[in-house]
Amino acid sequence: MLARRIIPCLDVKDGKVVKGVQFVGHEVLGDAVDMALRYRDEGADELVLYDITASSEGRTVDYNWVRDIARALDIPFCVAGGIRSAEQAVKCLNSGADKVSINSPALERPDLINELAEMAGSQCVVVGVDSRELPLPKSGNRFSDTEGQPALNSDYYVHQYSGDPDKIRAAGRRTLDWVVEAAERGAGEIVLNCMNQDGVRKGYDIRQLRLVRDLIDIPLVASGGAGAPEHFTEVFDQADVSGALAASVFHKKIIHIPDLKRDLQKAGIAVRI
Amino acid sequence: MTDPSTAKVVVIELGCANTASVLFALERLGAEAVLSSDASEIRAAPRVVLPGVGAAGFVMSRIHELGLYDTIRGLTQPLMGVCLGQQLLFDSSEEGNVECLGLIPGRVVKMEAPKPLVVPHMGWNQLQAVREDPLTAGLNAGDYAYFVHSFVCPVTDHTLAQSTYGAPFAAMVRKGNVWGCQFHPERSSTAGAKILENFLTL
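From first to last, the protein sequence lines are chains E and R. First residue of the first sequence: 1, per the UniProt record's numbering; consecutive thereafter. First residue of the second sequence: 1, per the UniProt record's numbering; consecutive thereafter.
Bound-form chain R, shown alone (with noise of 0.2 Å):
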């Protein structure tokens, strides 16, 4: 097992927003985190990242025009994503209509949440059918997390633990070396600290 405190990290870099405070949450658990877009360190990384907030359209263009698509398939190390990281995962999105990362089997589909529900689905839900994973070591169903967004991955065999808010939807995946959270743990207080802290372990 690997001592978090001498962790690396790579978080890839997209240029979009809000990066920071993924960065932060890192540092506070003593990692060793580093913002990259280039193919080689990221390569070269052991474990990386995947960030994301935004539309999926506009991510995954700036993940091509940055030529890292085919580096981020290829990733062999532990690679998180994190928020809209981990609906890039899946093959494709209905944000946008556009192919994703096809890492995770599955389409990203528009939240149904029918009224009085209000859409973005923003604030603190709670995990639910939490599987036993090295990322979930530590968690329990009932603990809080903090989503936002509008666009859900679907329930199947690679979710790890599911949340509901109208319908049930997966907020944490893994499929091999791939892991993804829904809802973000750089600002889930506990619950989120400790996921930061098992990936920095994996």
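Next up, chain E with everything else stripped away, as it sits in the complex (with noise of 0.2 Å):
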């Protein structure tokens, strides 16, 4: 039985790990090789490394870390942040990262997916969708599913930039035609965030999850909204994704994996014990 996986996220700076992404005065957590070593004896599936720095300061990305991550660890791990390239993205996976995401960059030129998937294959390229609930401007009415669920008068918009709080903007995009363009275009799977859950804890988006899940046939990787154990199960039970990210609940010790992954199995969860 294939398991649903569940996924740490790492902000790294300078090879640390570190908390508080937007402005000055991160505090460091630790060393990004130690932290991504805890979380693989704690059981996770497969880590998320994002360079929280490289992107907003356009500079030439510096993965050495990658490397030294990719030397200790015995899980998959997929590197986010800064990739803007082709050769980027090979730089990463030369260096032994197992998948690269992109994000603000697909949006800007879409093509590059495809250059992705052709010079790496599918299985590298993670496409990572920044999601937000909007009121639809004026008129339409996309929404008239019959399920009773509100938000008939919104809709699911993609946003960029969002590590940035001054650049951060929609990207003109409504999510659900942009994660079926990026399936089209080779990504091998998405992961979406669901900013308004992001930070909140009250759970995963469930009802954009499902409506993403059911138009692609890609793993789809939850994102947003991790609070409590249930949540997880309530998002692989309901909205039926291949993985769960979440970041401050497992740092800051919330959620501890292994009772996590006891739970879900308990639910009758395939997971990987």
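Don't take each hint at face value.
Keeping only pairs whose Cα atoms sit at most 30 Å apart, straight-line, the calculated DSSO-like set for lysine-lysine is [said to hold, decoys possible]: (1) K194(R) <-> K91(E); (2) K266(E) <-> K194(R); (3) K8(R) <-> K91(E); (4) K91(E) <-> K16(E); (5) K266(E) <-> K115(R).
Label pairs and their calculated CB-CB ranges [to be verified]: (6) E32(R) <-> K202(E): 51 to 57 Å; (7) P46(R) <-> R169(E): 42 to 48 Å; (8) A167(R) <-> R174(E): 32 to 38 Å.
Hint data in this document are derived by calculation from the structure and do not stem from the laboratory. Glycine included, each C-beta is placed from N, C-alpha and C at the ideal position.
Dock chain one against chain two, each of which comes alone in its own frame, and use the hints as you go.
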């Protein structure tokens, strides 16, 4: 049985895992290699390492820490942040990353998805989507679904540059259009970060994830909103996602992965224990 | 039995990404691992790994361009194909409709995964029907391995372990001096390390 994946996300700056994404004065949580290995020992199925400074600083990516992690780790990991070209992505993969995740650069130039899929194979290409529910502009009533959910007068929109509060903006695309396009262009996986839920810890956005899940036939990873173990059960049961990503609840030890996996197993969800 | 800490392995360099993690995993076990696309170096190696990420057609054309087709087919030392590398050991692949190395009989076909299953088959899945072999020593049915693929090798007499996603497929194969893993042992935690360690002591 294919196991559902539990994926901690680590924000990395200069080889250290930090807390507090946007501003100066990051609190250093620990060395990236040490923390990656700790999560591995606790039973994480995969890690996402997000280079928090590369994108906003526009610098050439220094992926020496990718190599350090690849040397030490024996579970898969994905590198996100600051990857703007196929060359940079290939450099990451050559340094030992299993996948790369692209977000804003894919919105700027969607052909990047095709180029990456062609050079490295779809299985290495993750498209990260930051999505927020917004009221519909004037007319339009796209969500007349029969489930009686709210949001008849809203739609989901992709946002870009979400790492920087001064730069974040709507990308002018409907989320449900963008995920289909990304899959058609060769993405091997979608990570859907539901921004309305992000940091609130009230649970994943099941409705949005379910809508996306029904539209694509590549793996979907849920992100944004995890606050309690039952949120993971819900998202696997109700949205049928392949994996669930979270950061702070793991870093702050609100959720301990071995306990979480036992809960999931009890709820009848296939997990690797 | 060879001590894994002194074992030498040549990992065939085909110019596709993702060979670093295989090298690192072998190094973690104390092996001396080198990348090479040099026929004489590959022939002289005590053990050879054929990695592979990407499309079968592209990688087979690389093997021909590098003049390594006969070299690989002629190896008599332990050879292990990993992921696409396992698929290339078979006669042919539906992916790009390409002739492969013909070291293991059978044709690689597109995975049949009816909805709601998603493709690629990506993540941790269990090994089943694990047969006794020097490469599977210490492995048990139910052990998890990390898979990423969209094409599958058929279950035949040469299957050492199978796995199921939609339908059963060959997760590990062997014929003579040739072994294969459809999953990534270098990313399969404890079970993967066990397989690589076994390979280093073949």
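Okay, the hints, checked on the actual structure:
1. K194(R) <-> K91(E): 29 Å, holds
2. K266(E) <-> K194(R): OK: K266(E) and K194(R) at ~29 Å, within 30 Å.
3. K8(R) <-> K91(E): 26 Å, holds
4. K91(E) <-> K16(E): 20 Å, holds
5. K266(E) <-> K115(R): 25 Å, holds
6. E32(R) <-> K202(E): 51 to 57 Å: 52 Å, holds
7. P46(R) <-> R169(E): 42 to 48 Å: At roughly 57 Å between Cβ atoms, R169(E) and P46(R) fall outside 42 to 48 Å, so the hint is violated.
8. A167(R) <-> R174(E): 32 to 38 Å: 36 Å, holds
In the structure shown, a violation is registered for the earlier hint numbered 7 alone.
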